[in-house]
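As they're listed, the protein sequences go chains A and B. By numbering that gives the first Met the number 0, the letter at position 106 of the first sequence is numbered 105, and the numbering carries on one by one without gaps. By numbering that gives the first Met the number 0, the letter at position 13 of the second sequence is numbered 12, and the numbering carries on one by one without gaps.
Simulated from the structure, these hints should not be mistaken for laboratory data. A hint or two may mislead.
No farther apart than 30 Å at their CA atoms in a straight line, the calculated lysine-lysine pairs in the DSSO-like style are these [unchecked claim]:
(1) Lys138/A / Lys67/B
(2) Lys117/B / Lys191/B
(3) Lys202/B / Lys70/B
(4) Lys70/B / Lys31/A
(5) Lys40/B / Lys191/B
(6) Lys8/B / Lys31/A
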Amino acid sequence: MTRASNAIRRTEATHMQALAILTIQSAERLLKALEEYLDHSEASYALIIDRGGAILSQLGEIPPSVDVMTLSALAAGSFAATRELALRVGEAEFTALHQQGKNSQILICSIQDEAMLLTVFGPKTTLGLVRFYSARAVKQISTVLDRARGESRIPIDLGHEVTSGLRDVFHEPTLRK
Amino acid sequence: MSIINYVNKEIQFKIVYYGPALCGKTTNLTYIHSQVAEAHKGELVSLATAADRTLFFDFLPLNAVVVKGFKTKFQLYTVPGQVIYNATRQLVLRSVDGVVFVADSQWDKMEENIESFKNLEENLVRQSTSLDQIPYVLQYNKRDLGNPAPVHYLDFVLNNRSVRVPSFVGIATSGQGVFATLNAISRLLLQKFARENETASAKQQAAPTATAPASTALSGIAAAAARR
Numbered sequence: 000m001t002r003a004s005n006a007i008r009r010t011e012a013t014h015m016q017a018l019a020i021l022t023i024q025s026a027e028r029l030l031k032a033l034e035e036y037l038d039h040s041e042a043s044y045a046l047i048i049d050r051g052g053a054i055l056s057q058l059g060e061i062p063p064s065v066d067v068m069t070l071s072a073l074a075a076g077s078f079a080a081t082r083e084l085a086l087r088v089g090e091a092e093f094t095a096l097h098q099q100g101k102n103s104q105i106l107i108c109s110i111q112d113e114a115m116l117l118t119v120f121g122p123k124t125t126l127g128l129v130r131f132y133s134a135r136a137v138k139q140i141s142t143v144l145d146r147a148r149g150e151s152r153i154p155i156d157l158g159h160e161v162t163s164g165l166r167d168v169f170h171e172p173t174l175r176k
Numbered sequence: 000m001s002i003i004n005y006v007n008k009e010i011q012f013k014i015v016y017y018g019p020a021l022c023g024k025t026t027n028l029t030y031i032h033s034q035v036a037e038a039h040k041g042e043l044v045s046l047a048t049a050a051d052r053t054l055f056f057d058f059l060p061l062n063a064v065v066v067k068g069f070k071t072k073f074q075l076y077t078v079p080g081q082v083i084y085n086a087t088r089q090l091v092l093r094s095v096d097g098v099v100f101v102a103d104s105q106w107d108k109m110e111e112n113i114e115s116f117k118n119l120e121e122n123l124v125r126q127s128t129s130l131d132q133i134p135y136v137l138q139y140n141k142r143d144l145g146n147p148a149p150v151h152y153l154d155f156v157l158n159n160r161s162v163r164v165p166s167f168v169g170i171a172t173s174g175q176g177v178f179a180t181l182n183a184i185s186r187l188l189l190q191k192f193a194r195e196n197e198t199a200s201a202k203q204q205a206a207p208t209a210t211a212p213a214s215t216a217l218s219g220i221a222a223a224a225a226r227r
């Protein structure tokens with residue numbers, strides 16, 4: 000399966016705190032930026048996540064064993080902690096956070112005040128290359144997010160069921176028998 | 000604010016379990032994790048010290064009901080209760096949609112409960128929000144221990160804002176009250192979400208020009224869905 004077809008499968012069109020809305024068009028622009036970034040940097044996969052840990056977009060060869068929601072929550076926590084460290088040594092923010100393991104490395108870059116670019120890469124590429132192309136990707140993604148801020152919210156009608164007293168949200172068969 | 004994934008038709012909510020040290024926040028999540036079927040839950044991640052005290056947060060992603068074709072996903076977090084970890088609590092509260100305040104029912108923990116509740120209010124203010132804007136419920140936990148304060152007293156102390164919120168008695172170690180609490184906050188979040196969308200819809204109907212980007216976006220959704 001090509002990255003382009005993966006792109007559609009993995010599209011994440013989301014609505015983040017500081018944005019009015021991320022429409023499908025904005026989501027596709029984010030995916031395009033990620034696709035270009037992964038092609039150049041040869042990283043394994045990348046996620047755009049908001050500072051609260053929610054996923055805005057994701058692309059690449061994500062192993063089935065990786066729970067991206069947990070990955071995002073941990074990355075957001077880790078980056079937030081790093082930011083607090085930066086403040087305590089007189090920096091506004093450390094713009095990037097790098098973690099190196101035996102086979103995999105993670106680079107987290109700040110995108111404006113609201114989002115982060117999380118990149119996972121292996122021995123196929125180098126930190127220098129990933130850092131170089133991530134700077135460009137961050138600029139592109141910032142532009143997309145700026146544009147997305149001007150877009151309108153799409154109302155979703157959840158209907159009567161919700162407004163007039165919903166049944167239990169966690170009910171059979173959500174629970175174990 | 001809730002996160003909407005239009006392509007996968009998902010809505011994500013972030014719920015934070017807040018409360019003083021050792022009140023049972025992590026125990027709530029552990030019990031929920033033990034009861035929810037595999038298909039509806041992710042891994043329970045605990046960033047804890049060697050002594051099992053929460054150092055950063057616990058995290059549990061859950062999938063819940065499908066409403067009007069939208070899957071609802073709830074991300075449950077706990078904060079570290081110990082006083083020294085306030086900076087961490089502020090980080091975990093970022094982008095929170097709803098709060099479960101877990102109080103320890105023991106008489107001698109009342110001061111800690113009140114301090115923690117005040118701390119929650121202060122930390123929300125730092126995020127430019129407040130308990131007037133964020134749905135929350137209360138759980139009076141540890142009812143099984145020796146010296147619990149009466150529920151009406153806990154209500155008097157903790158549930159005394161202008162609008163009273165749902166409160167539940169709990170024994171999280173055995174699961175009592177755990178799902179009642181979770182269902183209550185989840186329902187409140189969905190209801191708030193539905194109300195906000197009704198308002199947005201009414202505004203768009205009142206101002207026809209504002210609907211253009213939305214209908215364009217909806218065409219995009221249909222197109223993307225067709226390609227999947």
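We went through each hint and held it up to the structure:
{"no.": "1", "hint": "Lys138/A / Lys67/B", "verdict": "37 Å, violated"}
{"no.": "2", "hint": "Lys117/B / Lys191/B", "verdict": "24 Å, holds"}
{"no.": "3", "hint": "Lys202/B / Lys70/B", "verdict": "25 Å, holds"}
{"no.": "4", "hint": "Lys70/B / Lys31/A", "verdict": "26 Å, holds"}
{"no.": "5", "hint": "Lys40/B / Lys191/B", "verdict": "24 Å, holds"}
{"no.": "6", "hint": "Lys8/B / Lys31/A", "verdict": "21 Å, holds"}
The earlier numbered hint that this structure contradicts is number 1, and it is the only one.
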